[in-house]
Amino acid sequence: REIGAADLSGAGTAFGTITQLGPVVTVLVVAGAGATAICADLGARTIREEIDAMRVLGIDPIQRLVVPRVLASTFVALLLNGLV
92 REIGAADLSG AGTAFGTITQ LGPVVTVLVV AGAGATAICA DLGARTIREE IDAMRVLGID
152 PIQRLVVPRV LASTFVALLL NGLV
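When you line the sequence shown up against the numbering used here, it's residues 92 to 175, in that order.
Hints are computed from structural coordinates only; laboratory data are not their basis.
For each residue, glycine too, the CB sits at the ideal point set by N, CA and C.
Among these hints, one or two may not hold up.
Unchecked claim - Per label pair, the in silico range of CB-to-CB distance:
| # | residue 1 | residue 2 | range |
| --- | --- | --- | --- |
| 1 | Leu133 | Leu170 | 19 to 27 Å |
| 2 | Ile150 | Thr104 | 34 to 42 Å |
| 3 | Ala163 | Ala102 | 36 to 44 Å |
| 4 | Gly134 | Val167 | 17 to 25 Å |
| 5 | Ser100 | Thr137 | 47 to 55 Å |
| 6 | Glu141 | Leu112 | 37 to 45 Å |
| 7 | Ala102 | Glu141 | 36 to 44 Å |
| 8 | Ala131 | Thr165 | 18 to 26 Å |
| 9 | Leu148 | Leu112 | 20 to 28 Å |
Please put together the full structure from these sequences, using the hints given.
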């Protein structure tokens with residue numbers, strides 16, 4: 092029995108789809124869930140005027156609140172892509 096390229100095309104397509112879609116799905120999940128949580132927290136802090144209080148104290152809210160979360164999200168996305 093001969094095994095041609097047509098017999099292996101399904102496996103190749105499945106492998107390619109999994110290896111290419113895995114990172115995309117991971118990024119979408121991290122961006123969707125993580126960004127929503129970050130946005131909700133920053134919005135709640137703005138409503139409670141914590142952001143304004145930080146500015147009055149001379150603390151940059153971007154450096155204190157946003158940058159660490161973006162770096163953590165990037166790190167988590169890289170780790171999840173390594174696992175997928």
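Outcome of the hint check:
Range check, Leu133 to Leu170: about 24 Å between beta-carbon atoms, so the 19 to 27 Å window is met. Distance hint for Ile150 and Thr104: a CB-CB separation of about 53 Å, inconsistent with the stated range 34 to 42 Å. Taken as a hint, the range 36 to 44 Å holds for the pair Ala163 and Ala102, whose Cβ atoms sit roughly 37 Å apart. The supplied range of 17 to 25 Å is met by Gly134 and Val167, whose beta-carbon atoms lie about 22 Å from each other.
As the Cβ distance of Ser100 to Thr137 is approximately 54 Å, the hint placing it in 47 to 55 Å holds. Judged by the Cβ atoms, the range 37 to 45 Å given for Glu141 and Leu112 holds: they are separated by roughly 39 Å. A hinted range of 36 to 44 Å is violated for the C-beta pair Ala102 and Glu141, which are about 54 Å apart. Separated by about 20 Å at the C-beta atoms, Ala131 and Thr165 satisfy the suggested range of 18 to 26 Å.
Distance hint for Leu148 and Leu112: a CB-CB separation of about 46 Å, inconsistent with the stated range 20 to 28 Å.
In this structure, the earlier hints numbered 2, 7, 9 are contradicted, and the remaining ones agree with it.
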